[in-house]
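Protein chains in written order, with the working numbering: chain A, 342 to 1271; chain B, 342 to 1271.
Hints may contain errors.
You can't tell identical chains apart in this list, so a pair holds if it fits in one copy or across any two.
Result set (DSSO-like, lysine-lysine): computed pairs, CA atoms no more than 30 Å apart in a straight line [stated by the list, open to error]:
no., residue 1, residue 2
1, K793, K958
2, K1233, K1108
3, K958, K807
4, K1039, K1017
5, K807, K969
6, K807, K866
7, K866, K761
8, K807, K1039
9, K1132, K1108
10, K547, K714
11, K1271, K1204
12, K1204, K1108
13, K587, K445
14, K1268, K1207
15, K1204, K1119
16, K1268, K764
17, K1233, K743
These are computed hints drawn from the structure, not numbers from a lab.
Here the structure is a predicted model, which means the values were calculated and not measured.
2 protein chains.
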Amino acid sequence: MSEQLKTPTVAAQAGGNGYKPQPTNKKWVYLFGEVKEAEAAVGGSWDGVRALLGGKGAGLMDMTRQGIPVPPGFTVSTEACNAYLAEGNNFPPGMWEQELAAVKEIEKLTGKTFGGTDNPLLVSCRSGAKFSMPGMMDTVLNIGLNDEIAETMARLTNDRRFVFDLYRRLIQMFGSVVMGVPDEAFEVVITSRRELAGVKTDSELKAQDWEVVTRRFKEIYRTFTRSDFPIDPYEQLKLATEAVFKSWNGRRAIDYRNAAGIAHDLGTAVNIQTMVYGNIGNNSATGVAMSRDASTGEKEPEGDFLVNAQGEDVVAGIRQTQPLQELNDIMPAAYNEFLTIAGKLEKHYRNMQDMEFTIENGKLWLLQTRDGKRTAQAEVKIAVDMVEEGLITKEEAVWRVKPAQVDFFLHPQLDREALKASKKIASGLNVSPGAAVGMIAFDADTAERWAKEDGRKVIMVRPETKPDDVHGMLAAQGILTSRGGRTSHAALVARQFGKPAVVGVMELEIDLDLRQMVIGELTVKEGDWISLDGNLGHVYLGQIPTVVPDIKNAYLIKLLGWADEVRTLGVWANADYPRDAQRAREYGAQGIGLCRTEHMFFETERLPIVQNMIMAKNVTERNEALDKLLPLQRGDFDGLFRAMDGQPVIIRLIDPPLHEFLPSYEELVQRLADLKVQLQHFHTLSEIDEALSEIRVKQAYLERVEALREQNPMLGTRGVRLGIIIPELTKMQVRAIFEAACQCQKDGIDVQPEVMIPLIFHVNELKVQQTALEAVAKEVMEEQGVQVNYKFGTMIEIPRAALTADEVAEIAQFFSFGTNDLTQTTFGISRDDAEAGFLVEYQQRNILEENPFGTLDVAGVGKLMKMAVEMGRKTRPDLEVGICGEHGGDPKTIAFCHQIGLNYVSCSPFRVPIARLAAAHAALAEKKSK
Amino acid sequence: MSEQLKTPTVAAQAGGNGYKPQPTNKKWVYLFGEVKEAEAAVGGSWDGVRALLGGKGAGLMDMTRQGIPVPPGFTVSTEACNAYLAEGNNFPPGMWEQELAAVKEIEKLTGKTFGGTDNPLLVSCRSGAKFSMPGMMDTVLNIGLNDEIAETMARLTNDRRFVFDLYRRLIQMFGSVVMGVPDEAFEVVITSRRELAGVKTDSELKAQDWEVVTRRFKEIYRTFTRSDFPIDPYEQLKLATEAVFKSWNGRRAIDYRNAAGIAHDLGTAVNIQTMVYGNIGNNSATGVAMSRDASTGEKEPEGDFLVNAQGEDVVAGIRQTQPLQELNDIMPAAYNEFLTIAGKLEKHYRNMQDMEFTIENGKLWLLQTRDGKRTAQAEVKIAVDMVEEGLITKEEAVWRVKPAQVDFFLHPQLDREALKASKKIASGLNVSPGAAVGMIAFDADTAERWAKEDGRKVIMVRPETKPDDVHGMLAAQGILTSRGGRTSHAALVARQFGKPAVVGVMELEIDLDLRQMVIGELTVKEGDWISLDGNLGHVYLGQIPTVVPDIKNAYLIKLLGWADEVRTLGVWANADYPRDAQRAREYGAQGIGLCRTEHMFFETERLPIVQNMIMAKNVTERNEALDKLLPLQRGDFDGLFRAMDGQPVIIRLIDPPLHEFLPSYEELVQRLADLKVQLQHFHTLSEIDEALSEIRVKQAYLERVEALREQNPMLGTRGVRLGIIIPELTKMQVRAIFEAACQCQKDGIDVQPEVMIPLIFHVNELKVQQTALEAVAKEVMEEQGVQVNYKFGTMIEIPRAALTADEVAEIAQFFSFGTNDLTQTTFGISRDDAEAGFLVEYQQRNILEENPFGTLDVAGVGKLMKMAVEMGRKTRPDLEVGICGEHGGDPKTIAFCHQIGLNYVSCSPFRVPIARLAAAHAALAEKKSK
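With the rest of the complex left out, here is chain A:
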């Protein structure tokens, strides 16, 4: 979509877009039937027609072509809009004349006359740009009415109430939408009229009431605009057309385009269409409907309609609408015709449709159709169903479901059934997905205290959040704020830590002194339960049960199967334990891209042995501890190899700094102080002895912890540096790997071990470790009498390793990008400190578009990766390259990995399905771009 700019600038607005005067014979106006003319004007592409006539105009033209009953009308092109704006708000030559001629054509088609008193033609006027966007001019209905015509119509229809209802709507809409009269001025008239008439609803008002209202509306119009309501229908049409054009450059429209990344030089079209009346009696109706269930994806149309109403009433929610199916009871013919048309439209657009319709005296008219919005669950089911219905190809189905939608199947969701009985109390921006249920806490300290000390589930509610609030946000289930937008502190932090969040709930008034919040007339106290739907941005009162949607959803599995057929990028998983490996395989992983051996060291029964190893006073003591660890590690690897029979398993040697395995400095100081106090109260020798002995041990720990302390542990003695300084540790781990591999192979397992060295910055580090590894591997294989094929490779997670990848590849048979550390070092930031700190401010101020720990920074980190891949493959053409950082599960990053030719991405087992789909998208995108 070339019209979508990455960073739109206001300077690119019409006027500054190189507009040139157009020939006077240019066609500006297209009847809905003029498909060929429109196609010819843009060189035949339907996308061009959509650009020329806007989405709505193109849709109406398309429906007309298919013989679907669409009220006749025409579209003034986006080119006309651009010309109008460029020429200082003047219609381009010939445009108005074409519009007048088009009106004549409609008159012919309808047998009615615009501005005529015989059979008056009324029209609607709507804006319609290429991309649907709020902030532009709304609809003006019933254009063409004035006092005289109203009287004629009243005579013709014999329904004075109907006509003056139309007339007052025209003045209200024209006044507010075209002339900017505050809508409240009109509303107050109706309200007082209802009071005077002693009725509760508009539908109870009589013809006479609407006549009075119409008169008052004209007075309001005059008062505000200092001119009379235009009685000339053509004047009405002209002003409405201009109003649409001008609304393209309204503040809200520009803001929206800036935010959505839509180019400012597209312009909007204007759609003029014959009015049909759903409010002309009980054989008339108006409604909206989806061709399938937008929640579940079931092949069952759903919708709402109102008998005897005009379109806007359905949306306004003044009257209780009826479900679509009941139309079958009232107007079965229209209902059946609608079903037929819905089916036809689905076939035509090869997608679920969202339609507006009106029934005028039993005759069905379609006013709009567009692809319907739907839940992730529905998206998947519809895509799969449509393939099976022959409507779309597998590739299209795969392309249609966005990887982020698979996320839905992973997060807990509010239970759909329970929701029906629940009270939605507010809505805001859906900035972080998932469901959260908890008790309201109005500040971070309370949230943290309740969560940590009392084990309560908490929703933190604040007007907005600041960096000081992060500890509360982390302790909470979810976050709710009354202020802020998609890039507010709350939104960014919530997304970064995977907390469901709803922000910018404007109707929420938080009173921190009274510890309560007020929504309209509802007051909710601190400690009360609420539930958040982060997917939709909804807030519910009470404790709504949650469900985890089934990742093994049959439709999803089918779709992912098709994705696998498309993708070329492998999807592996990060797994430390056999059970994780098992799950990864179930989700479709094709190998283990990262087994973090040190995770096993933290297990309760092992940690003391690891600590003995660290505290060892000499190599003998160290080896004693390592000897105890050996069989345990061997067992870990054995399980992993068996689980991944026939697939590669990348095992990374120990990575974190040793102090992580010891108690913290603060903890030890505290314990020693306590022990010394206790000592004073002990009396028996054995008590004192025991305490002294613990003091001795703890003091030794303290000394070691102090010695291991580093100013910047992230950049300290970890990774390969540790393996080089403590070669015995490397030897033990390698021995465990090869003993397990040999045994598995003897047992008939197809083992494919790959040993990975972390954190290298120089090929020489790899050489040292290779020598150590080869010696042990050879030794073990000779002991066991088995030859195991293995690979030796390295993480690329330090800029220097990437920059010297040609040298590194001389030793390494594979690379695996550790993009977490690579991002930290390439940016010079510490994730621990930055992510809830200045990075948030950076995103809010648009210094960074995205959190580089969430989505890979292509310009910097990505450039290093691309260099490393190219240089590495130059040295070793069959170099296996993957990514095992957290980015490996991020769709945008996966697309990049595909582009630079990685062999695989490796991510958390839970994200394997997302990655499979994202990899397929990357392959399809490449295909499309060719």
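For chain A, the structure is supplied; the task is to place chain B on it using the hints.
For chain B alone, kept in the frame of chain A given last:
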């Protein structure tokens, strides 16, 4: 020098060097007079002749050509050596025959006969490779003697003592050097002979004694070699020639070549030369001399000689030598001839010469000449003098003095005069330059305690050092170890921290229990004073005064002026204060490349204001503190601009994290605990009040310090991150810069301010700061009614900034590489933790060749820099690029900076002279390579 390999391997030794059989008519042997033949053989280059005949052989040939009296002789080529080794220790065809023919030629020239009894010709045999290297075969003198010839010579010379002294020397040297007989076996014979004769020195032994000694030597020879001493002079010559060839592949020679990076396939030549006798009576002498003073560079020959002695006696130190000048009294003709020859050789070689000479019966012979070794001081003076004498060009003078030699003028040195009266007790490896004087401490804790608590000056003395010793090394003035080599822990750490050090002093026996060290018969106790000369690796007893050589040395200044004419790379200095700027200018800096504004914040009177700024509860409080800082900072910049009138001054906005300005966490906790204890003892209300108030303040500090604490402060909220988060701070600094600049300009100063933003990783950070800066700059300039030209630029010290330099250069008008941080992030290491930690082990194990914080890592960090320069200049061709990290003063790094086209390097004012010379070297090297 293409023969010098970077990483020599033993596999490259002769035999594996692709040797091919040579034509039988090939010339292997060259008489000293065969200059044309030698030049023809190598295509005319003198460097080729040196490769063919070795340095010594080429020198003898060269002197012969100049008509200087050189005893006739010939050289067997290095090609012959390689052929010999390649053919399994067989002379190549024709070689021996050519050697025999050459002997005949010598016989003609001297009128003597080799192996003849008429007028016997004796010869010496010496090895000589292209590069001078120890570990190969030493000299064998007096070849050609046997019993019969000895008797003849005794008759001819009428000096039996002289002849048998020659004869015993032949057997001794031939035995030990050619046949490997332990020298001690011979020495013991002489010693017992002296005892028997009742004399103290060899010169008191009579002819008869030497006859006995000669007989005994032959017996020892037979006992050890199981063969008789060869009585055939040609056999002697042949064996000696072979021994030289074989010594090329001796263990020590190979080790030396590996260490020095000399190729293993060069081979050695063999020099056979007529013996002349300095021991043939009191009209004979032998000596060594330099053509100028090697210590001071004064144009005054210096040397030593012995009357009636053979060359080896001068070096052996058995007899007290006489200073060269005294030769004038004894043999004025020979002395004057020597002066003439020395002058001639200097002119010829255009360098100070180190010569060996012998006077035989009043006739002067030159045996060797080579460029003389000299001190840095002498190097500079000689280079400058020789330019003024018209001997060399300015460029040659510049090229001849190594940048590291300028270092000499910066470090304290042991006082030369005082040294004469001091006792040198030992020598070792000179691994870190400068002089250190202090009391011996035998462990790190003692060293630290003495230095810190008692303020004593300490020399830490250990058998070797370990990482645990670093605190002691840092506290000490210098380090002395008995073990270890150039890459030992002690050597590496000493160099890294600039501590003078002597290591590997083998004669040193340290007894840690007795707290003493023994050197021979000397015992030195802990606490005794010693002095180290790190330049030469000498250890002296006692407290020797030190002097700082004058960096304003007139010769040095002249030389640096010439360097300036040659170099294209600018040399700027890092200076924070006007006094530093002043010094930098005096030393030749052309601008300030880095002014660290925050250094001024640490000054006593300012720190409390800075702390108030950090502790501010709101923007108003913060601004109050900043308002107080403004005039102070303005004053700093004002002084800097005035000092650098007409030159650019790069001012970097605040860089370090805020917590650095607050008391440490530990300090605050301690103080609070103390205060609370004190509180219990206070009685008056005012005392209590005061204590409580301090507690309140300290508690607030503690909270702030805790909030500012970061896990990895190096990667934390510092640099531009701070400037963005606290915009008021940026504004204050920019205002101070521009207020000062405007005022200076009004006062007629040519101000050239350049404002630099630290630690960016994204161009957007720069944009934000540019906007802030431009607003303030404009405001100030309008207030002051002055327009100041300035530049806006950035540090490049984060990999991402380098990787996106094209984008960064859209905003930045200049780059300055902060290679310290860039090295840290590119390697993923923290200098604080690594440099005395695993990096030492990495260097010891050759994983890293050099400390990347000392010399720039060209392969990684340098690659990023090169990319950044290229990409930056693509965007902005006139981009100014420099380096302001510590590497900016390192000669190797400066060479690289020249290569990648930087505009300047900026370093400490003290290193400016070194940088000027290094920059000139870089330009000359480029010129030479073209």
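Of the numbered hints stated earlier in the document, which are not met by this structure? 10, 15 and 16
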